[in-house]
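2 protein chains.
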Amino acid sequence: MNYNFSDRISGVPRSFIREILKVAADPSFISFAGGLPNKDFFPLKEIEEAAAKVLKNDGKTALQYSITEGYLPLRKYIANRYKIKKGISVSPEHILITSGSQQGLDLMGKIFINEGDNVLLEEPGYLGAIQAFSIFKAKFIAVPLVEEGMDIELMRNALLKARFKLFYAVPNFQNPSGISYSEENRHEVARLISNAGTVMIEDDPYGELRFLGTEKTSFKKMLPNQVIMLGTFSKIVAPAFRIGWIVAPDEVFEKLVIAKQAADLHTNYIGQRIIYQYLIDNDIDAHISKITEAYGKQRETMVKAIGTYFPDDINITLPEGGMFLWMTLPQGVSSITLFNKCIEKKVAFVPGSPFYTNKGDVNTLRLNFSCSDEKTIEEGIKRIAEALKSK
Amino acid sequence: MNYNFSDRISGVPRSFIREILKVAADPSFISFAGGLPNKDFFPLKEIEEAAAKVLKNDGKTALQYSITEGYLPLRKYIANRYKIKKGISVSPEHILITSGSQQGLDLMGKIFINEGDNVLLEEPGYLGAIQAFSIFKAKFIAVPLVEEGMDIELMRNALLKARFKLFYAVPNFQNPSGISYSEENRHEVARLISNAGTVMIEDDPYGELRFLGTEKTSFKKMLPNQVIMLGTFSKIVAPAFRIGWIVAPDEVFEKLVIAKQAADLHTNYIGQRIIYQYLIDNDIDAHISKITEAYGKQRETMVKAIGTYFPDDINITLPEGGMFLWMTLPQGVSSITLFNKCIEKKVAFVPGSPFYTNKGDVNTLRLNFSCSDEKTIEEGIKRIAEALKSK
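Chains V and B, in that order, are what the protein sequence lines are. Counting along the first sequence from 1, when you hit position 128 you're at 221 in this note's numbering, and nothing is skipped either side. Counting along the second sequence from 1, when you hit position 90 you're at 183 in this note's numbering, and nothing is skipped either side.
Treat the hints with care, since some could be wrong.
Identical chains share a label here; the pair holds if one copy fits it or two copies do between them.
In silico DSS-like pairs for lysine-lysine, Cα to Cα no more than 25 Å straight-line [to be verified]: (1) Lys153 x Lys132; (2) Lys153 x Lys383; (3) Lys383 x Lys149; (4) Lys153 x Lys439.
Note that these hints are calculated values from the structure, not bench results.
Based on the sequences and whatever the hints tell you, model everything.
See the structure below:
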């Protein structure tokens with residue numbers, strides 16, 4: 094049988110990270126490659142109680158088909174939390190529950206991107222967004238991140254040279270770099286995209302995982318009609334439910350609902366019900382504090398271990414939250430070569446190249462600190478440093 | 094803010110059925126409009142036990158991210174069931190767990206359809222497929238269903254006149270018509286698409302819900318490399334999990350995995366684990382027998398009531414399984430006009446027009462018999478017959 098596939102699928106590469114995760118499945122491996130939350134913090138008992146309660150009290154409804162938009166009390170909860178935590182006023186009617194926030198990217202690609210449309214990305218950028226928009230044959234232009242956020246000069250130039258359908262950004266504890274936009278940077282970026290009339294996707298999976306510094310202003314607050322915001326319970330409750338959301342103004346929301354219905358009718362409803370029950374029966378802020386305290390210590394240990402074992406000519410970001418930091422090796426040192434040496438030493442990370450849209454071998458890499466305890470972090474960093482020395 | 098949406102989303106209509114379901118939410122309404130399984134048969138207690146067991150025994154893993162392909166033991170279970178129940182030999186490596194079988198349609202559209210590609214449909218056809226493929230700007234050609242399946246002459250002509258990327262069909266207890274393809278019709282259809290080299294999507298959500306007649310040969314068995322099969326647990330366990338699957342040969346499977354990863358990373362994993370636990374701890378065949386026995390009685394009641402209350406010049410299908418039957422009113426009688434009269438009488442169905450790709454007002458309609466008890470069915474049919482008489 095000779096399959097005649099669509100043009101759009103031929104351009105999407107298989108994820109390099111997927112392949113790495115397979116290698117790193119060996120339990121004797123130390124892996125800083127994953128992007129997983131730490132499973133030791135999953136509220137097992139509380140979720141078991143929430144599930145039993147939902148099934149006992151309203152099981153027949155909770156197991157039936159439901160509406161595309163999502164469970165209204167959950168959408169109200171999210172709206173209320175935005176108000177309390179970030180001072181953002183959004184209506185529950187503008188919150189669509191999605192099958193993970195990854196689906197938000199697929200839906201946004203579907204309703205906005207025609208073949209060849211320009212999409213502005215951060216460089217390095219989130220791989221899942223690159224994949225999702227590749228399916229719709231977007232043309233990517235990436236603007237480098239600097240310590241305080243987007244490189245404003247380069248972003249201004251990019252916006253002058255072309256029209257962009259979308260600007261995709263992760264302003265808090267970005268994946269892969271760990272960088273957060275400063276308050277000033279946010280205002281400058283907002284001014285640029287406001288002038289350009291470009292729709293911005295503000296993806297905020299890690300925003301609640303802050304262990305240092307202070308909360309910054311959300312783009313959604315600055316440009317409510319121009320910014321589409323993505324959120325998820327994967328990092329603060331558990332990823333296996335695949336429950337995220339997308340916040341969009343009326344006109345966009347309506348298109349998203351049509352696309353969502355064609356994509357999977359609605360997000361798994363029993364999961365929405367269990368998560369909601371968990372949220373109202375427990376102190377989620379206390380739970381998040383436990384997670385961020387641990388991640389903060391693990392990040393501290395990683396930074397210290399890098400200081401101890403690595404030579405001075407490498408550079409790292411110093412994230413104030415989230416799950417990742419970003420290392421830049423000396424000019425000309427290949428992170429893929431280092432990766433291959435590290436596999437022999439049974440330690441893994443993600444080499445930088447998949448996070449760029451047009452670069453092959455680079456001298457950067459991503460390190461995850463959320464999934465390993467402090468002792469393992471120290472040992473893993475030591476192994477990478479040894480691999481780097483063994484030329 | 095002036096949003097510049099993609100071309101693809103502008104052509105997809107909001108679902109008429111969604112709108113009907115809103116009307117029919119009033120509890121004094123009798124609704125034959127939905128496509129829901131009967132919630133009285135959801136195995137509440139068993140699912141509660143399965144959930145508790147999974148969370149107790151392997152909770153940390155069950156709440157974590159997982160692989161795109163789906164939970165391997167569940168894929169093995171499905172493969173084994175195909176072997177036992179239908180004599181179809183498929184490898185678990187060719188089964189991808191999807192977010193409901195609706196997602197299978199989205200993924201197939203993504204990897205196969207370029208703008209303007211021809212897709213062959215049944216007429217009337219499943220609305221969810223029309224929506225999913227509309228997103229990718231397919232061109233639809235629909236071939237009428239007759240009592241024994243596809244109209245072979247018209248299908249042959251259609252295949253002679255154009256090349257088709259896909260042929261989408263629901264050969265068992267079709268939605269909306271309730272028609273099942275006869276054994277002979279299947280062989281003729283298989284010969285036609287084999288000669289044409291068209292990839293067929295065999296969607297089988299209702300196949301296990303047979304209350305009359307005998308199991309027919311699956312297209313997957315006849316043309317294993319050419320047929321992509323969709324399945325779901327929505328109708329035999331519960332829809333709220335949104336757990337379906339797609340069976341595809343190697344080359345197609347690999348593309349589907351890439352598209353799935355970009356769409357939502359993976360199907361909700363906790364749901365996969367709970368469904369699997371439920372399946373291995375319970376007698377699913379006994380459970381399915383309970384459902385089909387009830388649906389069979391309800392279908393019987395509906396057919397009898399139609400015989401009692403309706404005039405002789407209407408026509409209905411006599412489904413051997415599934416959840417729907419299809420009524421053809423006398424020539425020139427509008428099912429939308431009838432629908433509007435029925436709303437006044439507090440009874441609902443779905444007028445035929447959304448199930449056609451190019452017809453406005455028609456004289457056909459869909460009746461669901463899975464969700465109402467026998468008394469309600471008799472009363473509802475009586476009301477529709479009265480509305481029909483009240484010219």
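Each hint, compared with the structure:
1. For the identical chains of this complex, Lys153 and Lys132 are inter-copy neighbours only, at 6 Å across copies versus 30 Å inside a copy, given an alpha-carbon limit of 25 Å.
2. Taking the shortest Cα distances, Lys153 and Lys383 sit within 25 Å of each other only across copies (17 Å), while inside one copy they are farther apart (35 Å).
3. Proximity of Lys383 and Lys149 under a CA criterion of 25 Å is satisfied inter-copy only: 22 Å between copies versus 30 Å inside one chain copy.
4. For the identical chains of this complex, Lys153 and Lys439 are inter-copy neighbours only, at 24 Å across copies versus 49 Å inside a copy, given an alpha-carbon limit of 25 Å.
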